[in-house]
Amino acid sequence: MDVLVGQLFTGLSLGSILLLAALGLSLTFGQMGVINMAHGEFIMAGCYTTYVVQKVISSAGVSLVVSLLIGFLVGGLLGAALEMGLIRWMYDRPLDTLLVTFGVGLVLQQAARDIFGAPAKNVLAPEWLSGGVTIMGAVVPKTRIFILVLAVVAVTTLATVLKTTPLGRRIRAVVQNRGLAETSGVSSRLTDISTFFIGSGLAGVAGVALTLIGSTSPTIGQSYLIDAFLVVVIGGLGQIKGTVIAAFALGLLNSYIEYSTTASIAKVIVFVIIVIVLQVRPQGLFTVRTRSLA
Amino acid sequence: MTTLGQRWRAHPSVTAWGGFVVAAILLFAVAPAALSDFRLNLLAKFLCFAIVAAGIGLAWGRGGMLTLGQGVFFGIGAYIMAMHMQMADAARLHNDVPEFMEIAGIRELPAFWRPFASGPVALIGILVLPALVAAALGYGVFKRRVKGTYFAILSQALAAALAILLTGQQKIGGFTGLSDFRAFFGFKLSDPVNRQMLFFIAAGTLLLVVAAVRQLMRSRYGELLVAVRDQEERVRFLGYDPANIKIVAYVVAAFFAGIAGALFTPIVGIISPADIGVVPSIAFIIGVAIGGRTTLLGPVLGAVGVAWAQTALSEEFPSSWTYLQGVLFIVVVGFIPAGLAGVWPMLKGVLDSRFRKTVEPVAVSEPLPEVRTEEKVESR
Chain F
1 MDVLVGQLFT GLSLGSILLL AALGLSLTFG QMGVINMAHG EFIMAGCYTT YVVQKVISSA
61 GVSLVVSLLI GFLVGGLLGA ALEMGLIRWM YDRPLDTLLV TFGVGLVLQQ AARDIFGAPA
121 KNVLAPEWLS GGVTIMGAVV PKTRIFILVL AVVAVTTLAT VLKTTPLGRR IRAVVQNRGL
181 AETSGVSSRL TDISTFFIGS GLAGVAGVAL TLIGSTSPTI GQSYLIDAFL VVVIGGLGQI
241 KGTVIAAFAL GLLNSYIEYS TTASIAKVIV FVIIVIVLQV RPQGLFTVRT RSLA
Chain P
1 MTTLGQRWRA HPSVTAWGGF VVAAILLFAV APAALSDFRL NLLAKFLCFA IVAAGIGLAW
61 GRGGMLTLGQ GVFFGIGAYI MAMHMQMADA ARLHNDVPEF MEIAGIRELP AFWRPFASGP
121 VALIGILVLP ALVAAALGYG VFKRRVKGTY FAILSQALAA ALAILLTGQQ KIGGFTGLSD
181 FRAFFGFKLS DPVNRQMLFF IAAGTLLLVV AAVRQLMRSR YGELLVAVRD QEERVRFLGY
241 DPANIKIVAY VVAAFFAGIA GALFTPIVGI ISPADIGVVP SIAFIIGVAI GGRTTLLGPV
301 LGAVGVAWAQ TALSEEFPSS WTYLQGVLFI VVVGFIPAGL AGVWPMLKGV LDSRFRKTVE
361 PVAVSEPLPE VRTEEKVESR
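As you go down the protein sequences, you meet chains F and P in turn.
All residue numbers for the first sequence refer to the numbering used here, where the first residue is 1 and numbers rise by one.
All residue numbers for the second sequence refer to the numbering used here, where the first residue is 1 and numbers rise by one.
Where hints are given, some of them may not hold.
[To be verified] Here are the in silico distance ranges between beta carbons for each label pair: (1) F/Ile57 x P/Asn95: 56 to 66 Å; (2) F/Val149 x P/Arg145: 37 to 47 Å; (3) P/Ile336 x F/Ala120: 29 to 39 Å.
[Stated by the list, open to error] Okay, the calculated bits of chain P under chain F, using three or more residues with CB under 8 Å as the criterion: (4) 131-142; (5) 145-153; (6) 167-176; (7) 318-324; (8) 333-342.
Since the hints were made in silico from the structure, they are not lab data.
All C-beta atoms in this analysis are idealised placements derived from N, C-alpha and C, irrespective of residue type, glycine included.
Only chain F is shown next, with the shape it has when bound in the complex (with noise of 0.2 Å):
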């Protein structure tokens, strides 16, 4: 029993991790339909955020915080400037977006290199989030559960946005019919830019939170894009509720399936499960039915 519910914490704390980092993607990729692979990076930038941050304000809990909102900019600003400079140009080419962005990723990769070096860093968990919390029988330790209220604040927070402000009712505008957006006053290149701050931004909290569970190196971001990748897939474009269920859904899978066998073969029945279910919807687990041919 408490392996079971072990086993389902760790679902969904990877889950939550998954989310968060999945979030910012299933704005950029599912509202506009842009592949930016340099969002792992953005999520890297996150994490040095963090471990700059540290450096100044020596005290773990106050620098937390204020990493999540510094986290938010830089990775938003970072994104701003990307949407600025190069996928504007792009937008009828999201294959090509692919590429350009993998470049972006490369260079941000190098560049972390040379800043910070090869080594791993790591950040100091603030006092209020060290050990554990007994749950029926299983052990969970404080930060897995801090990471998952974070994705569940940041969830709420931007189908908020998205659903009851103007620069939310911008965006849904933008992505439903961009040319009568425009009629209608919108300025759709604001708009794309701040979707990219907002989707970018995201990537930088996912960062800072990650810094909690490991040690940060110039390859991180990496290694969770391509699940996100597969979270928003799975999880039918444009959808922040199928991207929640498609993460959730994923991290617990993944911890199961793990339990039972090992990580690396996990991962690779994880894959079969993902073409499977794309056999029964093509088009993802959630998706808004259009007339479209495709």
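Put chain P on the given structure of chain F with help from the hints.
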């Protein structure tokens, strides 16, 4: 200028054969004479990448399928060859298991190794397994009309999954991979003559692959492939199944990548998960993009050029190569999508319109304008 150009177009097969003869002379006579053993071996490695690139050119350039996971098929070919060579070495030394297993304390040969003890079985595996995996994934993906970005991400995820799988398996070398091969089908790898023979095999394979891709591109099938890339729905309405057309190109590309991997292992002497994961898989793309993805020779020359540049540059400036690679991705894919092969037609177009003062109609959504119409007409 014009007469030469006309003659060029009038006899494409003559010039193509001329090109093959020149390439064969360069590869089989000039290169071995001009290059040291070390450089020749390096060139052989680049030729392996070029074989992969020729397949990517077909699937991506012609078929519009961005395959980010060619490392998977390259890896399957490479690992089967590596397993066979390990087993052959062990058999010669009258050992039950390859050396690295002995060191790791594995006394019994794992079952999945056993078939590859036989050379013919290993060769069949190299030719068949990558194609089978590609067919399975292609069938699963294209039949359900999953395409474009989804396919790119799935092919990439497959590469990640395989690399992670291999890293975790001590029975197949784990993180460090397989290395220290002594012989290639009975020929000692330490002998420079045999290493030269490997180069010739790679060069011959590349020529065959290029010839095969050329035939495919000029065939009816090649026409259909381009049609599927540009107007998939229309092709469907004409009564073809675009999925089958795509699967064939993807399988052919995988087949080439598997062969390239099998040649790579004896030439380089080591295969590890680092050679086949996500980053090397995407790195295959850059040579293709730089050379010109839709052309026949662009991917091949691009792959050799990029691999050569990487070796030359990273010897002197280890970190700058990564920057350069990133910038190449950005500049080439972002701003010269037709690659170097497309630079001349692009310049020519600009000059022509400048001097003739005529504005040519430009198709805005046309992603790859350099597929010329006369090419489409002549193979009818």
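A quick look at each hint next to the structure:
no. : hint                            : result
1   : F/Ile57 x P/Asn95: 56 to 66 Å   : holds (59 Å)
2   : F/Val149 x P/Arg145: 37 to 47 Å : holds (39 Å)
3   : P/Ile336 x F/Ala120: 29 to 39 Å : holds (38 Å)
4   : 131-142                         : holds (count 3)
5   : 145-153                         : holds (count 8)
6   : 167-176                         : holds (count 3)
7   : 318-324                         : holds (count 3)
8   : 333-342                         : holds (count 3)
Every hint, counting from the list given before, is met by this structure.
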